[in-house]
Amino acid sequence: MTTFQLEKHVNYVKSLDKKSDFDSVVMEHLRMSGAYWGLTALDLMHSLNDMDGEEIAAWILKCQHDCGGFGGNIGHDPHILYTLSAVQILALFDKLSVVDADKIAKYISGLQREDGSFAGDEWGEIDTRFTYTAVSCLSLLKRLDSINVEKATDFLVRCRNFDGGFGCTPGAESHAGQIFCCVGALAILGALHHVDRDLLGWWLCERQVKAGGLNGRPEKLPDVCYSWWVLSSLIIIDRAHWISKEKLRDFILNCQDQDRGGISDAPDDAVDVFHTFFGVGGLSLLEYPGLKSIDPAYALPVDVIDRVFYGQKS
Amino acid sequence: MTNDNWVPFNERPDWDDIEPVPQDDGPHPVVPISYTEHFREVMDYFRAILAKDERSLRALQLTAEVISLNSANYTVWHFRRLVLEALDYDLEEESIFLETIAEMNYKNYQFWQHRRWVAQKRASVAAPDELKYTEVVFNDDSKNYHAWSHRQWVLLNLGGWEGELEYCSKLLSQDIYNNSAWNQRYFVITKDPSRGGLQAMLESEVQYTLLAIRQAPSNESPWRYLRGLFKDDKLNLLTRNDVITVCLEQLAEEESSVHALNLLLDLMASGLVTGRGGEQCFRKPEGCKVISEGLNQGAASVTPQSHKRYVKGFYGRRCMNVD
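If you read the sequences in order, they're chains A and B.
Counting in the UniProt record's numbering, the final residue of the first sequence is number 314, and the numbers go up one at a time with none missing.
Counting in the UniProt record's numbering, the final residue of the second sequence is number 323, and the numbers go up one at a time with none missing.
Any given hint could be a false lead.
As the list claims (entries may be wrong) - Derived DSS-like pairs (lysine-lysine); straight-line CA-CA distance at most 30 Å: (1) A/Lys220 with B/Lys170; (2) A/Lys245 with A/Lys292; (3) A/Lys142 with A/Lys62; (4) A/Lys292 with A/Lys210; (5) B/Lys52 with A/Lys106; (6) B/Lys107 with A/Lys210; (7) B/Lys121 with A/Lys106; (8) B/Lys132 with A/Lys220; (9) A/Lys95 with A/Lys142; (10) A/Lys220 with B/Lys191; (11) A/Lys245 with A/Lys14; (12) A/Lys95 with A/Lys62; (13) A/Lys14 with A/Lys95; (14) B/Lys107 with A/Lys220; (15) B/Lys52 with A/Lys220; (16) A/Lys103 with A/Lys142; (17) A/Lys151 with B/Lys121.
Derived by calculation from the structure, the hints in this document are not laboratory data.
Same shape as in the complex, but just chain B (with noise of 0.2 Å):
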């Protein structure tokens, strides 16, 4: 982690104003540090700094030199805001050095609070580059939760939903067992102000997902969207045919589909009276299997005594200044 260039603080000129502070590991520290002596100068120069509150652009550079050895730092970055505020510096720049450290840091939640900071001050203008950025990411992993966060975060302040559902389509044709994509979907067709709603995106989402569920039936995820889709209006969903149809073609194919067992005992118990052979269905060995396991285990809670508290949940009161 040294740099061959790398120089020692107490040897900068410009540095020799600083008495480094060591750190204070209490006595008898439960998980003491040993550092490396790179590690340790950086740090005391840091320590030196933050205690003099100095607000300068030699401790902007310093920042950067401590986020470089160890990016999960969280007083770095919060005092790194607060030299970038005194300086005014600018933003653009800061998402310049944000790119450069980047690759290390894809799962680091004060990189990316530290880049929603950012963005947020150069408000509209970034959304496009935060977007984009996002996309990056996903390239490499598609179900990075810190970026999806961003990215609703970045759609929700900033806009930026036009190509959105075509964003997680393409997404999901790469691959359609990709859970985080789903769920962006979903939260396109609920939160895009444009778009009109749930009940205006069900059609075409239902075929959607249809078609998704009959490309791969082992995929949850399409058949909790599917139930997503029918959240509120649940009813509407007992009426649905080409649902039915989906259940009853998977179950003809694999008798144990817990998916398609799932939601068609679901609706059975909701009301539903399939009379084209779904009733068949259950009396086939496989079916009851399941289905005499699925009751089996919901007979049959076995929550030790001492977690009971939360099965009947009586805490609250406790937990309140009411001696």
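Bound-form chain A, shown alone (with noise of 0.2 Å):
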């Protein structure tokens, strides 16, 4: 059988330092979720003590705006998204008191829309995407109660399909992310009941192909992402055990790169730093020896979670 190859892991999200490729030039408005991806990956393999977490921290607050939210990299307009990217780096680093939480809470507030929905931005996308962000972040904060939690949940329970599942917005297609995005802030919110758990747990369950990945919806290929969407989805709603964790693993390892680490799309893919984090965090929720916990709703480590919320040191 195929192991895990840690040590190589490790090695490539620290090479992705002095890499200068195509790739590299197209992240770089989304560096800071790259970092994301890359240091909670490091952290789930035991080796986050080897990046300087004051550089980081203070690199982050170079990506902050007079509104309280944060850019993608420094100068690029705040979003949603790299706020709680942004957030989530701190956290790691257990230096959440660097960033005023009133401020960044009253820039997410800004974006809640009359309806309940978050938009993205200034420019207004709505998508449950920026739902979940905005409760994930906020909570980290411990700052829920900045916005309207109420008609958050009624819009996120609007997005609920006839299938059980959830989609961007009212009436749009079931999607393993977006049913990540949502059964995760529902859980966060403590609202699951709206969940129909057989129901969205069939539909979730019937994602795992022959070959033991996930896809994100029905006739699709598998994708080592989905192997988080779709099995976080699962553990959140306790119906994990309604797939083969064992062929999942296999599929995981088998999208490896064995010689120079990483991890892909799929087997023989060109990996990167998004497959990597959602492959190693896939593994964790396998409960695979060696790794840390991983929390299902915040994809934070679990010990990261209880020193926010009870304040324990790892």
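Fit the two chains together into the complex; they arrive one by one in their own frames, and the hints show the way.
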């Protein structure tokens, strides 16, 4: 059986420091999320101490705007997605105290619309991804009371479909990524009673294809990132035992670059930091030996979440 | 990615008043960037224009160059909209610009958001163009999530419902497994204001769906759609002999037909007494195996202790500012 190449993956993520290819060029504007994926993967592999938290925190602060939101890099416009990534990275390094929580809360609450939904930025794109982002970010900052939680929940419920899944807006097709966002947000909001666990669990477990991997919608190809979106949702609704964990584990392990480290979307494809994070995260959810446990709703190590909410030091 | 005829900005006379601004990646970047020269120069001039907040025609052309190099850069799209507004630019022209870069952007959030912004400004005259545009995308990728999302937005905000149910039928006749088209069908019958809602559409939709199930019994989409038709009226489903007949038919054909078993079991749990061979199905070894596996699975949750918190669901108050 293929084994997990922990050391190679750690080296791969660290090597992103020196990369100079087209991928890094197009990543400039979402460097904040790239950093979150890479650093969280490192933490799950017990290697976060190799990184300089002070310097990373200083860079993060340079990406913050007067409105309270963060851009994807220095000089880029604020967006709710990068605001969450910034807060997540600070949580990893136990540095949430360096930011003004009220200021960030003001930015995020300003993006909530009358119907309870959230826009991603001032241009007003609406998507349940942004509801998740708002809810996760505000709860990490302990500022959920700065938004209308009831309306936010109502909007998520309006995005629930006849098949038990969720889409990006009311009536949009169920999609595993959007399901994670909606179920994750409802979990954090303590509102999972709005989820029909058996109906949704049935839809989610049907995402496992014969080869063991998971797809994001019916008749689509499996992809390592859905190991995260589907499995985390199944765990949150307590239905993870409806898929074959062994087969999923083997699928993820087969997507590793055995020589240079990193994980790809599917076997024999090129690796990237996004799929490396979701592959490591998926294996962590499967309780793979040697990895830290990851929280299925926050997508951060459980010990980080415990520290944030219970003040426990790891 | 470099065009042979491309002239660097530092050799363009109409740009010599601009001092380029290099990217600041901070001291020890976590995901630092090494830029190709062409990309670096365009971005340096873009940062300079952004810093000046220059909303001019040349700025508009510059944003087009940046987009052609990296269309996922959301800041450049934001700025382009500011420039378009400042210049009171012809939005039909902008639609044409979007056509020229469309093909490489079918899965790009910024591209679709910009398209929606333009369509919203053009209002209802844009509806036929937008619907037609998504159809071009579906010819290539009939499950494109962005395009479906855009199409729903157009229908809800600009109209154009008239041919939508027929369009769904057309896509499903091409590929009965197309879950996006099934979802759109549900969207139409529940949201098209002229159709009178689910109840008015129920009979014809049940017949359509049963036909689809008979055509491809392993296709999960029509099975789910069928449940969706009775979402708010499950008891009515118990009285539908045509539905129950299809379930039994499928089980007679394929003893482990999971979709048929699933629906029938669910109906029996809700009080259905088949009396017409339903119980016999479950006495067959295959049927029993599927069911007992299902029941065993139901009993054997192995969620790790650290994840149990969501099963109990007690996060709420800890996320508030109550200290």
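Here's how the hints hold up against the structure:
Taking the CA atoms of lysine 220 of chain A and lysine 170 of chain B, the gap is near 20 Å; set against the 30 Å cutoff, the hint holds. A C-alpha spacing of about 18 Å is found between lysine 245 of chain A and lysine 292 of chain A, which places the hinted pair at or below 30 Å, so the restraint holds. Annotation: proposed proximity of lysine 142 of chain A to lysine 62 of chain A holds, straight-line Cα distance about 23 Å (limit 30 Å). Annotation: proposed proximity of lysine 292 of chain A to lysine 210 of chain A holds, straight-line Cα distance about 28 Å (limit 30 Å).
Between lysine 52 of chain B and lysine 106 of chain A, the direct Cα distance comes to roughly 27 Å. Compliance with the 30 Å bound is thereby established for this hinted pair. At most 30 Å may separate the alpha-carbon atoms for a hinted pair to count; lysine 107 of chain B and lysine 210 of chain A meet this at roughly 27 Å. With a C-alpha separation of about 29 Å, the suggested pair lysine 121 of chain B and lysine 106 of chain A falls inside the 30 Å cut-off, and the hint holds. For the hint linking lysine 132 of chain B to lysine 220 of chain A, the alpha-carbon distance of about 24 Å falls within 30 Å, and the restraint holds.
For the proposed pair lysine 95 of chain A and lysine 142 of chain A, the alpha carbon gap of about 14 Å is at most 30 Å, so the pair holds. Among the hinted pairs, lysine 220 of chain A with lysine 191 of chain B is consistent with the structure: their alpha-carbon atoms are about 27 Å apart, no more than 30 Å. Of the supplied pair hints, the one linking lysine 245 of chain A and lysine 14 of chain A holds, its CA atoms being roughly 29 Å apart against a limit of 30 Å. Between lysine 95 of chain A and lysine 62 of chain A the alpha-carbon distance is near 15 Å, which keeps this suggested pair within the 30 Å criterion.
Straight-line distance between C-alpha atoms of lysine 14 of chain A and lysine 95 of chain A comes to about 21 Å, which keeps the hinted pair within the 30 Å bound. Pair hint lysine 107 of chain B plus lysine 220 of chain A holds up; C-alpha atoms about 15 Å apart against a cutoff of 30 Å. The straight-line distance between the Cα atoms of lysine 52 of chain B and lysine 220 of chain A is roughly 46 Å, outside the 30 Å bound, and the hint therefore fails. Under the criterion of a C-alpha separation no larger than 30 Å, the hint pairing lysine 103 of chain A with lysine 142 of chain A is consistent with the structure, at around 13 Å.
Among the hinted pairs, lysine 151 of chain A with lysine 121 of chain B is consistent with the structure: their alpha-carbon atoms are about 28 Å apart, no more than 30 Å.
Taken one by one, the earlier hints fail for this structure only at number 15.
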